[in-house]
Every structure is written in C-alpha cells, then in structure tokens.
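Colleague: Construct the entire structure; sequences and hints are all you get.
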Amino acid sequence: MNFTISKRARTLSMALIAVGAIATVYGVVGDHSEHHQRTWSALLVNGFFFLGISLGALFFYALQNATETAWSVLVKRVFEGIMAFLPIGAGVMVLVLAAGSMHLHHIYHWMDASLYDVNDPNYDEAMAGKQAFLNLPFYWIRTIAYLAVFILFARWFRKKSLEMDGLTGDSLLKTHLLTYRRGALFLVFFAVFSSTLAWDWLMSIDAHWFSTLFGWYVFSGMWVSAMITGVVLVLYLKRKGYLPQVNNSHIHDMGKWVFAVSFLWSYLYFSQFMLIWFANIPEEVTYFKLRIDEHPILLWTTFFINFAIPMVLLMSRDAKRNPRFLIGVCAVIFFGHWLDVNMIVMPGAAGHDFHHGIELLDLGMFVMFLGILITTVFRALARAPLTPVNHPYLEESVHHQI
Amino acid sequence: MANKVIYAVYEDPEQLKEGARTLVTSGIRVKDVFSPFPVHGIDPIIGVKRTRLGIAAFMFGITGTVLATFGIWYFNIFDWPMNIGGKPSFHLYQNIPAFIPVIFEFTVLCAAHGMAITYLIRNKTLPGMPARNPDPRTTDDKFIIEVRTGDNHGHSSDEITGLLRTTPVFEINERQY
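For the record, the sequence lines run as chains A and B.
Mapping of the first sequence onto the numbering used here: residues 166 to 567, in sequence order.
Mapping of the second sequence onto the numbering used here: residues 628 to 804, in sequence order.
The set of hints was computed from the structure by calculation and includes no laboratory data.
None of these values were measured; they are calculated from a predicted model.
The beta carbon of each residue, even a glycine, is placed where N, CA and C say it ideally should be.
Incorrect hints may appear among the rest.
Okay, the calculated beta carbon distance ranges per label pair [claimed, not checked]:
(1) A:Ser414 with B:Ala743: 20 to 26 Å
(2) A:Leu528 with B:Gly681: 37 to 43 Å
(3) B:Pro708 with A:Leu350: 49 to 55 Å
(4) A:Ala313 with B:Asp767: 51 to 57 Å
(5) B:Leu719 with A:Gln566: 41 to 47 Å
(6) A:Trp442 with B:Lys658: 55 to 61 Å
(7) A:Leu350 with B:Ile744: 29 to 35 Å
Modeller: This is the structure:
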C-alpha cells in the first residue's frame, strides 16, 4: 500500500515551516550579537540535531542489515524515509562550516590563523599543538568524507531496497546478502566517523577542551532521536491505516529501543560528567564549570528529561504498548535531546549572547526544521510501497510476536 | 473413578498448538505444556497468566538501590568519612556522583540475582531439584500437553483422548495419580 500525504499533514507541515520561518526572521532581526553569532549558533544546533536524526536512522538501518534482523523488516521503509533528510542536513552543516571558514562567524575559534603565528600576540601554544589535526584543509577533507560516505551509503541502501521489491528467489537472496555485507561495511565507517565528526563539528567549538567519550555521547543522542522519530512515524502511519501488518510487538520493540538508547545516553552523559568531576583537572572542568555556572537549570533539566522521564515512564510493558502514551513521552524526550544539542553548542559558540538561554530564534528554527523534516520524510515515504514487497525476512517480520 | 492424567505427545510445536487449541475450544482445561524450547504463542492458548517476574525484578532493583545508598552513606559519610582527591565527604548529596556507580552496580546485581533465583524457585528448577517433566523426551524433540481429569469434571478421559485423536498427535499416554 502506498502512502499518500493527507491534506491535513501537508498543511500542517507547511504551517510549521511558515511559523518557524517567521519566528526565525523575527529572531534574526532582533539578534544584535557580533557577526550574528547567535543566529549562526542556532543554525548549527538545528542543522546538527536534524542531521543527527537522519544519521541515527542510517546507522540503525545499517545495523538491521548487518545483523539480518527480521522483526524490523516491516518498518524499514520508515527509516529509509528519515534517511532522505540526510542531504538537507548535510547542506546546512556545510553552510555553517563554510561561513566559519570564511570568518563570517567565530563559532570555531581555532579557525583564526593568528593563533598559530608565533610572532602574533594571539599566539596560542595549546592550539598550535593541535594544528596537525585542527587545520582548515584537513578539516574540510574530513567533513566532505563523512558527508559523502553517509549520503552514498544512504542512497545505495535505498536503491537496493527498492530493487528488492521486484526480485524473488536467488536474486533476492543475493541482493539481501549484499546489503548485509554493505551494512557491516557502513558500521566500520560509522564507528570512526561518528566519533570524529562529533570532535570536528561540536567538540572543536570549545577547542581547548577535550573529552574522550564525547563522540559516543553525541552519537547516542543522535541514535535516540532517530529511534523516537521512527516510532512516532510508525504510530502515525498505523493510525492512518497504513502498515496494517505492524502489530503491538513491533511497537513494543521500538519502544524498547527508545528506552534502551535513552539509558545509553544517560550512561555516557554521566560517565563523562563523573570522570571530569572526579579528576577535577582545570583544562577538563571548564566545559561543565561554564555550563553549571551559567545555565544550571537548563543543564539539569536536560539531563532529567532525557534520563528520568524515559526511565520512569517507559519501564513497564504496558507503557510501551500504549500508542498515545508512547507518543507523548517520545515528544518530550525528542525536545530534551534538542535541548541537549543546545547545551553542547551554545555556551561555547554563542557565549554571552546565550545568557537568556533558549529564545524565540531557537524555537522558531526548531519548528522550521521540524516542518522541513516532516515534509522531506513524508515525500520520501510516498515514493515507494510502505511495506516492502519482497524481503527474505518479510514473512518472519509479519509474524513477529514477543 | 480414579483421577487420570493424560499426556498427549506431539512432534512439532505447530501441532502442539493445534492440539491445545482443540482442547481449549471444547472447554477442557490444559494443566501444562512441556517443550524442549519456548513455544511462541502457546501462552494465550492455554491461558497462562502474564508473568510478574518484571515486577519482582523491579522490587529487587529498588531494594538494591536503597541498600547501596544506605550502605555507602554509612561507610563513607557517617562512620568513616575519607578525603579522596579532596572531594567533599560529609554529605551524601555533595558526593553523590562518586557513589552512583556503586549504587547502580548494586541495583543491577540485586535485580539480576533476585530475578534469576525467583525464576528458578518459581519453576522448581533450582540446582538439585528433581526433574518434573513427565517424559524425558520433552528435553529432546517431543512436545507434551498435560490434561488432568480432576480439572475437567465434565469430560471423561475417553472423551478427551477421542478429541486428541482428531489432532496430529504422536502418542497418548494415560496414568493414574
């Protein structure tokens, strides 16, 4: 059965984009920070958060291929749909990074060439020591490599998935095994890139600071956002009468993913915090010192939302099998992870311009990007049969029961 | 009339489910099912109540959290405060980040062990307990439905075995008990 975007959904997503755009313009006009640093920071937050959703979906999709998971076959088109946002998110990231490289904003302090000139009063020995890694040419090679690999894999997975709809027998099995191997190959790339992209795009905002598990922390945030998007989409489609074969067990399993990855995120967040707090080394504590001193409420609220809410509310089986409840909890955690990206980026990127915390500008941009995400994903979903026509594990997925 | 127990042996889980469904739709209560591995979908057919093991695990977990929190407060705050790396050591809440790993691990330990032991006791399968399966073949490749005439006063044992014969049953054994 093919998905057609309902008139209401189309109007609603367009309204989200319009309202978000108006709020964003209003916010940009009211942004008096130097070089519009505040606006650029907000663009980085939203660009990264929504790119992270599609990246998390791509990772989960590759994981399902590599592990030959059967139950998720029925919902794989949903994740392909989320992956369709990848080029747009990549475009926003390139825009922000290119503007930084051309000194249109100063989110990335290390891009200033005078830091590396011994004769300049700005000379920074610590930064000069990092120059082998943090220099513009190498930085751009890495950025292009990440985005190219992600987009190429996403397109390839989608192409093969559609191709499999028309195959049967041995050729179907052969293509399936090929996607299985490519899924594993993607995970190899992603294992490295998920960490290094977090260092490059986010950790280098606070270029003097470093944290070894920062990459995994950022990755778990992306992953949980992707799982939330996936389960909410599945519930929406099911309610609209699509995906008739998706049963309570599929929903339960996706709810479990949200619950489990929320714990992964909490675990990594706390591990990073606890080690830094315990060791109490000056160059390490700067990150949390700044955030706890300037934005304690925002910081702890974020942690509370993303840890306690899924733990308490999603623990029971009934909660994960109740669509309304699941959507409600997911919406709250989704916003919580957006706040988390704000907490990662803003204090370092916007500094004093962030002293009011989340403003209309941020919320407007969030709503606008959400509208764009919904539009892109729905369009991608409408382009192919929502339930895969042929897959070696389709039958098993239909009879999924836990 | 002496009470009888009937064991219907099947060779395949799907046939077992068919047999169980036939009995239950005729209003016969199935006492238990024995199988070499978990059979998906048998629980709702024979009316097994949902497990409460999850609730037990939660209780054990909470017990672990409380015990560990109390313990670490007593050891490291109340009884013998120690200066470790200059960390505050006179209030539980000031030092809580350092204690979280211990509390977390003890919670997991209590939940996991408590759950495993509860499971073994409830199933009467603690190490050393006598085996309760009626036929050793259920640990290999046979699936058995157990029906007791004592549970089904409205049905004679002949009626039950007759009903079972309409399903792809491998063999039927009757025993007095």
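Colleague: Each of the hints needs a verdict: does it hold here or not?
Modeller: Status of the hints after comparison with the structure:
no.	hint	verdict
1	A:Ser414 with B:Ala743: 20 to 26 Å	25 Å, holds
2	A:Leu528 with B:Gly681: 37 to 43 Å	38 Å, holds
3	B:Pro708 with A:Leu350: 49 to 55 Å	54 Å, holds
4	A:Ala313 with B:Asp767: 51 to 57 Å	55 Å, holds
5	B:Leu719 with A:Gln566: 41 to 47 Å	46 Å, holds
6	A:Trp442 with B:Lys658: 55 to 61 Å	58 Å, holds
7	A:Leu350 with B:Ile744: 29 to 35 Å	44 Å, violated
Hint check: a violation occurs at hint 7 only; the rest are consistent with the structure.
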